[in-house]
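Assemble the whole structure, with the sequences as input and the hints as a guide.
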Amino acid sequence: MLRNRLTIFGLVVAGIVLAIFTLPTPLSAVPLEPIRYGRDVRPILSDRCFICHGPDKEKRHADLRLDSFEEATKARPEGAAIVAGNAQASNLLQRITSDDPKFMMPPPDSTKHSLDAAQREIIRRWIDDGAQYESHWAFTAPTRLVPATPKNTQWSANEIDRFLLARMEKAGVGPSPPAERTTLVRRIFLDLTGLPPTPEEIESFVSDASPDARAKLIDRLMSQEPYRSRYAERMAVPWLDIARYADTSGIHMDAGRSIWLWRDWVINAFKDNKPYDQFIIEQLAGDLIPSATSAQMIASGFNRNHVTSDEGGAINEEYLLEYAVDRVATTGAAFMGLSVQCARCHDHKFDPITSEDFYGMIAFFNSNEEPGIYAQSTDAYRSLEPSIDVPTPEQTKQLADVKQTLVALTAERDQATPEEAQEFDNYRAAFISPKELEWVTAPIVAAESTHGSTMTIQPDGSVLASGITPPDDQHILTLETDATDLRLVALNAMVDASLPHGRVGRAQNGNAILDSIEVEAISKIDPTQTRKVKLDWAWADVEQPDEDFRVTNALTAKDGRVWAVDAHHQPGARVALFASTQPFGFAGGTRLRITLGYESPHKEHSFGRVAISLAKASDSFMSKLPDTTSAWYIAGPWPTEVAENPYEVIRGPESSTIFNPNEKWGEYSWRYGPGIVEAEKIGLAQGAGSEFLSRQIFSPTARELELSLGSDDGIVIYVNGVKVHEARIDRAIGEDQERVKIPLRAGENVLVCKIVNTGGPGGFYHRAIANDGILARAMVPLLLPASSVRPESLAVARDAWRMTTSPRFREITAKLDAAAKSQEMIKSQIPHTMVMMEKPMGRETFVLKRGIYDQVDRNRPVTRAIPKVFGTLSEDQPKNRLGLAQWLVSPQNTLTSRVAINRLWEQFFGRGIVRTENDFGFQGEWPTHPELLDWLAVEFRESGWDIQHMIRLMLNTQAYAQSSHVRPEVAAFDPDDRLLSWYPRQRLAAEQIRDQALYVSGLLDERVGGASVKSYQPDGLWQEVAMPSSNTREYVRGKNDELWRRSLYTYWKRAVPPPSLLTFDAPTREYCVTRRTTTNTPLQALVLWNDEQFVEAARNVAMRVLRERPTDTERLTDLFERCTGQIPSAATFARLNSALQANRTRYENSKEDAAKFVSVGISPQPKNIDSRELAAWTLLANAILSSDATLVKD
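Each residue of the sequence shown is one higher than the last, beginning at 20 in my numbering.
Each hint should be verified, as a subset may be incorrect.
Here are the simulated EDC-like pairs of lysine to aspartate or glutamate, each with C-alpha atoms no more than 20 Å apart in a straight line [stated by the list, open to error]:
1. Lys368 / Asp82
2. Lys368 / Asp86
3. Lys553 / Glu539
4. Lys76 / Glu90
5. Lys553 / Asp504
Per label pair, the in silico range of CB-to-CB distance [what the hints assert, rightly or not]:
6. Glu499 / Ile849: 55 to 61 Å
7. Thr168 / Ile1146: 36 to 42 Å
8. Gly608 / Ile677: 31 to 37 Å
9. Asp118 / Arg144: 17 to 23 Å
10. Gly890 / Ile1146: 56 to 62 Å
11. Arg786 / Ser639: 23 to 29 Å
12. Asp148 / Phe122: 22 to 28 Å
13. Glu697 / Val743: 17 to 23 Å
14. Glu467 / Lys76: 53 to 59 Å
By construction, these hints were calculated from the structure, which means they are not laboratory data.
Since the model is a prediction, treat every value here as computed from it, not as a measurement.
Positions of the beta carbon are idealized from the N, C-alpha and C atoms, including for glycine.
Shown next as structure tokens:
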């Protein structure tokens, strides 16, 4: 007979009865059967004694170990702790039974309670029986035992049932009767798909009288669409908890990041029934598999799901350690069921895992190609490095087609006509008149290194550095010249075979980084006459693009910015041109001391071989040089206070006359803005406030620069601390919204753009207007001596000239630009994801004192190794993550199959066979059915790690099909259902509660995979916890069907997880969670009654029954069955009908209230249903969706 669990008081559900598991209670305080060390004694000693007398040698007291027979029985002056066979003579028993505060154990001042009488009796019996120790059950290989033959030979469906029934019969109880078929089919659907069955699916199963009806249903739900995808999505959710999957980084900015392709990989793995051993190997080491596929690379993102930091000033090495620690902790919990991270600071207090073991595991995970602190970004969808692009087949074809077009157009464009070539030569000769620019002879006469490099002048006049490569250095080159009116200094960085990889730099990768260049002029006639030459303009043919590495950074030494030349990626020479706005050089000859500074965080990155050229230049020539710029920097946003005029308030950056990237104004400071690109609209922070953008402009002469600007909303322009333009306006960002001419002084200028946002998203656009009388930056190579110009730079200069003179060139270039934009558009839409990527050389690893990153114990080096208690990797297992993964799934590992099968058992039976599913160590519980656990573990491994095979075994048992009705006489003996003599009722998981409401309402969008979506949530939550410039500060709700996707696709911000899911016990995903707790709180009821998602779902399920059923009787029955899977009993039906009539009375004269209630949510409202009638049914539907009958799986 169906049990009515729907209790409606008036219009709402009074409470939600949840399945709450109590703390484990033993079936008997003292076992009647022989005492076993592992089952009965070790848990007591581990809990009360091992913290001081266990494996951790650093915390051990009195040099006494109780976890070892040899140590515990060793003779001691006060008597052996244990005298095997004689409890009374054992010091251990004497101390645990003493009431003398000076003698008793545990001591009164410890945090441990004294043993109770039953525990003392267990210790006494064990010692008297010989104090036999045994290996910890989880550290011994599982064996397949034949289950005992139960007395009831008719009940069991397979070996699982026989193990369970034999245990029940031994305890003197029998199994429960079968659940009703309507209950069983709902149970199976919810367990396998996370969604309830429809009334039609229930009827189909109930009417199928074949003996294999259940088996057929289970097979169909795992193998046929749409069930197969639903199954995969349902199975993926617990794994996302374990893998700590989220869409944001978690620390500081809690910035967005893209790794959803890994989540989709998990879904596909379950859909395809990927063998569990491969499931582990590909996630732990997919990147290390020879010829790894794109899917295997994606899988390696398992080890990138952890929290990361982008906090300025944080220490790289510290966070690199934290990332490795997280990976080790997750590996231990996910696959081994062990808290290995407890050995970070000292040997594990309970389990046989030493600090050396822990750091041996760390060595597997600390050599990823990643920074410790990531750069901040406005892009909330970037993938943190290392990452890969994963184009779809269609995108791959599109890129190939575009590439072919680009190649053809480039070849056509690059073939200059003879006329163009001649005109170009004529232009170059005419523009660079010897009267305006003259390169002069200035040999290097001396060269030195301040930190010990050997500096040798070469026959061609260059200088080669050799010998040691100090971390920091200065190269001082002395030149002599008779020239005056000097303006230009060309620095030529040359390749040399003696340098790493034949590049220009002395770093191991061949790169070089210059942090400063200084010039001092000394009169040859009178050496007391000296002058510091101020260089205030710079240009370079190559600037490394991945950070702020512009050549202008070398003009302002010691502010942390540098010029990097990207030599580790691009071979070839480099050239930089520096200029002084004031001519230099003494009459009668000058000795120039040029100091190249290599003092930055980038150690050993000096140039290896350089040459210097000098040039005289006229004022007219200088006026033709283009201005050059620094990178953009951003500060703010400063929020606009109430009654404050943001245009009038001075925040600080407005007054800048010299740019200092390290300047601060209270909590605000400059940050590098890599996303600010010329002639592109840039999104800024949302909300009312002021944000500042600044860059340096280096001008060879005083002049005007015309800018084309756009902003959202208003904009104020400051140059060198002076306001030069203001537009107080509310508008959306657009291109070329206004033109502004700004005055530039010769040398450095500071441009500050203040963007005043009055609400919504902010924005900025800028473009410099070309001046016909000024050389384009791309044409600067034309000024250099022929020996200094790279062919690539000359080609760029030639093309810049052709762009202004050749219609043919412009036409082809326009086609090329269009193709390039198409290519970029395709690339911008290509999904990308975070992956593991091993460094060529692993990092040295040592034990760390107290687990602190900079407390390295160099006397305790470690190499990659598994914990010694498990042996060593075999010869055929590589000493890297791949070898570790292979060991985890090898027969030599005693834990992996047990842990996995225990977790699967818990998924379907509510609690694991080992109830401490996250601890298979000494502190963990003894299995309720150890022989069954081992049988399942062996079966799992021998089945080829077939997850679906194990699910079939479990769900086809009689135990699974039992009624959930609790028998009082059995519950009095076994209150926690450890015997599994009835089916354990369970409240649905958070995702299932939401997905079920969407599904029965018809709203659920069942698209599989894709980027995370933002569903309904209360306004302002993200802003409450976000930093002002976080790219996940503003929550922009998804559109249309995105609101109704399955919950596992919901965007997961770690600082503010989806609130309705969090309320129903979803974790924050900040760390590995192997089991969710189940709570019962008033807030849960409020979510069900008031959350926009649930109210909208209730309205839609109400609309559904109103459309599809003609009478109240049919509607009430269909509504209840659709939500609960049951036909309402007469008593329940009467309550439903009474509630409906009360609802109708409530809204009869409240049409406005009804209309407001049914307008919740964006889904369409019917025009042919009276809002009062719809409100009455919506309220009833909401009550049913919130009821115990809907939320609990029987």
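Problem - Hint numbers not upheld by this structure, sorted from lowest to highest - result: none
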